[in-house]
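Chains A and B, in that order, give the protein sequences. Take 142 as the starting number for the first sequence in the numbering used here and just add one per residue. Take 7 as the starting number for the second sequence in the numbering used here and just add one per residue.
In short, the hints are calculated from the structure, not lab data. The C-beta atom is built at its ideal place from N, Cα and C for all residues, glycine as well. Do not rely on the hints blindly, as some may be mistaken.
[As the list claims (entries may be wrong)] With a cut-off of at most 20 Å between alpha-carbon atoms, the simulated SDA-like pairs for lysine to any residue come out as follows:
1. A:Lys232 <-> B:Ser214
2. A:Lys216 <-> B:Glu63
3. B:Lys460 <-> B:Gln396
4. A:Lys232 <-> B:Asp327
5. B:Lys118 <-> B:Glu63
6. B:Lys42 <-> B:Leu12
7. A:Lys182 <-> B:Tyr373
8. B:Lys54 <-> B:Lys23
9. B:Lys94 <-> A:Lys182
[Claimed, not checked] Computed list of chain B residues with no C-beta within reach of chain A, every gap over 10 Å:
10. Val29
11. Asp275
12. Asp343
[To be verified] Distance windows between CB atoms, simulated:
13. A:Tyr177 <-> B:Leu153: 51 to 59 Å
14. A:Lys224 <-> B:Lys241: 24 to 32 Å
15. A:Ser233 <-> B:Lys272: 18 to 26 Å
16. B:Glu305 <-> A:Glu226: 31 to 39 Å
17. B:Ser214 <-> A:Asp161: 29 to 37 Å
18. B:Ser270 <-> A:Gly188: 25 to 33 Å
19. B:Ala375 <-> A:Lys153: 17 to 25 Å
20. A:Lys230 <-> B:Lys239: 16 to 24 Å
21. B:Gly238 <-> A:Asp161: 48 to 56 Å
22. A:Lys169 <-> B:Glu25: 55 to 63 Å
23. B:Glu290 <-> A:Met142: 22 to 30 Å
24. A:Tyr177 <-> B:Ser15: 21 to 29 Å
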Amino acid sequence: MISKEEVRHIAKLARLGLIDKEVEKFQKELSPVLDYIEKLKEADISGAEPTSHSVKVENITRGDKESDLRFDGDKLLNLSPAKKERHLKVKSVL
Amino acid sequence: MELKDLTISQTQEGLKKKEFSAVELTEYYLDEIEKKDRDICAFLTVVKDLALSQAEETDEKIAEDQDLDILSGIPCAIKDNILVDGIKCTAGSKILEKYVAPYNATVVKKLKENGAVILGKTNLDEFAMGSSTENSAFFITKNPNDLNRVPGGSSGGSAAAVAGEMCSFALGSDTGGSIRQPASFCGVVGLKPTYGAVSRYGLMAFASSLDQIGPLTKTIEDCKKVFSVIRGKDKMDSTSIELKEGNSDFEIKNLKIGVPKEYSVKGMDPEVEKVVREAIKKYEGMGAKIEEITLPHTEYALACYYIIAPSEASANLARYDGIKYGYSDLQGKDLLDVYLQSRENGFGAEVRRRIMLGTYTLSSGYYDAYYLRAQKVRTLIKRDFEKAFQKVDVIFTPVSPTPAFKIGEKIEDPLAMYLSDIFTVSVNLAGLPAVSLPVGDASGLPVGLQIIGKPFEEDKILSIGEIFKK
Numbered sequence: 142m143i144s145k146e147e148v149r150h151i152a153k154l155a156r157l158g159l160i161d162k163e164v165e166k167f168q169k170e171l172s173p174v175l176d177y178i179e180k181l182k183e184a185d186i187s188g189a190e191p192t193s194h195s196v197k198v199e200n201i202t203r204g205d206k207e208s209d210l211r212f213d214g215d216k217l218l219n220l221s222p223a224k225k226e227r228h229l230k231v232k233s234v235l
Numbered sequence: 007m008e009l010k011d012l013t014i015s016q017t018q019e020g021l022k023k024k025e026f027s028a029v030e031l032t033e034y035y036l037d038e039i040e041k042k043d044r045d046i047c048a049f050l051t052v053v054k055d056l057a058l059s060q061a062e063e064t065d066e067k068i069a070e071d072q073d074l075d076i077l078s079g080i081p082c083a084i085k086d087n088i089l090v091d092g093i094k095c096t097a098g099s100k101i102l103e104k105y106v107a108p109y110n111a112t113v114v115k116k117l118k119e120n121g122a123v124i125l126g127k128t129n130l131d132e133f134a135m136g137s138s139t140e141n142s143a144f145f146i147t148k149n150p151n152d153l154n155r156v157p158g159g160s161s162g163g164s165a166a167a168v169a170g171e172m173c174s175f176a177l178g179s180d181t182g183g184s185i186r187q188p189a190s191f192c193g194v195v196g197l198k199p200t201y202g203a204v205s206r207y208g209l210m211a212f213a214s215s216l217d218q219i220g221p222l223t224k225t226i227e228d229c230k231k232v233f234s235v236i237r238g239k240d241k242m243d244s245t246s247i248e249l250k251e252g253n254s255d256f257e258i259k260n261l262k263i264g265v266p267k268e269y270s271v272k273g274m275d276p277e278v279e280k281v282v283r284e285a286i287k288k289y290e291g292m293g294a295k296i297e298e299i300t301l302p303h304t305e306y307a308l309a310c311y312y313i314i315a316p317s318e319a320s321a322n323l324a325r326y327d328g329i330k331y332g333y334s335d336l337q338g339k340d341l342l343d344v345y346l347q348s349r350e351n352g353f354g355a356e357v358r359r360r361i362m363l364g365t366y367t368l369s370s371g372y373y374d375a376y377y378l379r380a381q382k383v384r385t386l387i388k389r390d391f392e393k394a395f396q397k398v399d400v401i402f403t404p405v406s407p408t409p410a411f412k413i414g415e416k417i418e419d420p421l422a423m424y425l426s427d428i429f430t431v432s433v434n435l436a437g438l439p440a441v442s443l444p445v446g447d448a449s450g451l452p453v454g455l456q457i458i459g460k461p462f463e464e465d466k467i468l469s470i471g472e473i474f475k476k
């Protein structure tokens, strides 16, 4: 069973706010799934390379030139909940 | 024949012969949505004006006697995690409740270029995470065959829109079964193409090594048409691949169908099993050779999937931070509070569970034990299929162990919900194409047969599916 401290730690890493009541809820809901995925420990993986993508793809690069793709910057900026002129506005970091 | 019963090519025949106009056809479907969707709840957004203006373009072409494009005038619906320029795109999440797409997904661009008429955006489990469409932040979609039951998920809105005869076809996305399982539950055709066959540009990323976009249609013939439009390489998605024109020729008497012995699981509905067995028998009766095959690592597939998919999701969903777009809670004192509170209040329960799960399996000290191990098991699962395909041409399995379950039945038990994907996740892990084909019913509820093919043999598995009805 995942501990309350672990739940809090993981939530913090994931940048998810948690109220105290939810710590126990996540503990109860995540534990059976974590137990279930333990099943993979039984598998014999000797000699198996990891697969990240099922279809082999090579890195695709382009020349260091201006792209012909045009995007309306203001259209994207206007999606932001808080902005000042042409900048995204955020609260203080510290 | 009524408009709703027409296939895409029959509809276009009707348009060309001026039996009805594209605007009339679109108005017919908009009326159907108006009448039926109060009960079914498949659509999150209906775009009447956009649809009618697209239909007018087709009518102008017909008036000027121009050739029609492959989908000219055909009304369709798009899952709400695929962007349509200028239209709201929510992913079924509160965090994107007011988000308006700033560009078209490549698949949407291709549909529009080929004349399709977009009627609206369909409901889904939040960020495509779920198997019942009950995880939508907005409302639950009902199965048109039985309104007390789920349509499956996560593309439940798209499947219900096609099954409920509120559009001619729909697009969905499939990360672990999200096109095939709802297609099976609703009784429509659903194709998950080979990984790389269709561009994901403009699809909201869930698990990038697994996600694919595909069609949900009334018939296999329609499915082939829609797939032929959306497939192909796109410079905006570096994982997309240009396909050779598929070789769909086969002779039924030379066809070898593999049936994996591992796919008879505990908890399998006996009626579903019977329907699938009978479908397989029918192919045998037509002359195909049925062979029992083994996919020995099947028992690890679901665990493997529930490490890889949440891990990738936890990284992909980091972008929803309350800063760039979407819901933002600005009440806190500093930047960290904005992150924490926007994500706490913006994401629903299942999405937060999966982000937690993925963060756990990727976190320091656990990466090797979980993510890396899962990637190695993924290799074993992929090899199982490669070996099987040396012996057989295609593999037949059920799509899901049960028919559509009741609303509320599994929502409190995440693991039970995950088990409804047991036959579909392996296909995503191996990157293969698979189609769900309606082949019968269990106590009046549709049952789908899954036909799995070798990479890039979509046309072949569709042609094999096509002969079922004949």
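request  = Given the range 21 to 29 Å, decide if the beta-carbon distance of A:Tyr177 to B:Ser15 lies inside it.
outcome  = For B:Ser15 against A:Tyr177, whose Cβ atoms are near 46 Å apart, the range 21 to 29 Å is violated.
query = CA of A:Lys216 to CA of B:Glu63, is that 20 Å or under?
reply = Cα-Cα ~27 Å, so violated.
ask   = Regarding B:Ala375 and A:Lys153, is the given constraint of 17 to 25 Å on their beta-carbon distance met?
value = holds (21 Å)
Hint check for B:Lys241 and A:Lys224 - Cβ pair distance inside 24 to 32 Å = holds (30 Å)
query = Between B:Lys460 and B:Gln396, is the straight-line Cα distance small enough, at 20 Å or below?
reply = Holds, at about 10 Å.
ask   = Between B:Gly238 and A:Asp161, is the Cβ distance one that fits in 48 to 56 Å?
value = holds (51 Å)
Non-interface claim for B:Asp275 versus chain A (Cβ beyond 10 Å) = Holds, because the least Cβ-Cβ distance between B:Asp275 and chain A comes to about 21 Å, which exceeds 10 Å.
ask   = For the pair supplied as a hint, A:Lys182 and B:Tyr373, is the alpha-carbon distance within the 20 Å limit?
value = holds (13 Å)
message = Does B:Asp343 clear chain A by more than 10 Å, comparing its Cβ with all Cβ atoms of that chain?
response = Not fine: 7 Å to the nearest Cβ puts B:Asp343 too close to chain A.
query = Does the Cβ-Cβ separation between B:Ser270 and A:Gly188 fall within 25 to 33 Å?
reply = holds (29 Å)
query = CB of A:Lys169 to CB of B:Glu25, is that within 55 to 63 Å?
reply = holds (59 Å)
Pair hint outcome, A:Lys232 versus B:Ser214 [Cα-Cα no greater than 20 Å] = violated (31 Å)
In summary, the structure is inconsistent with hints 1, 2, 8, 9, 12, 13, 15, 16, 20, 23 and 24 from the numbered list given earlier, while agreeing with the others.
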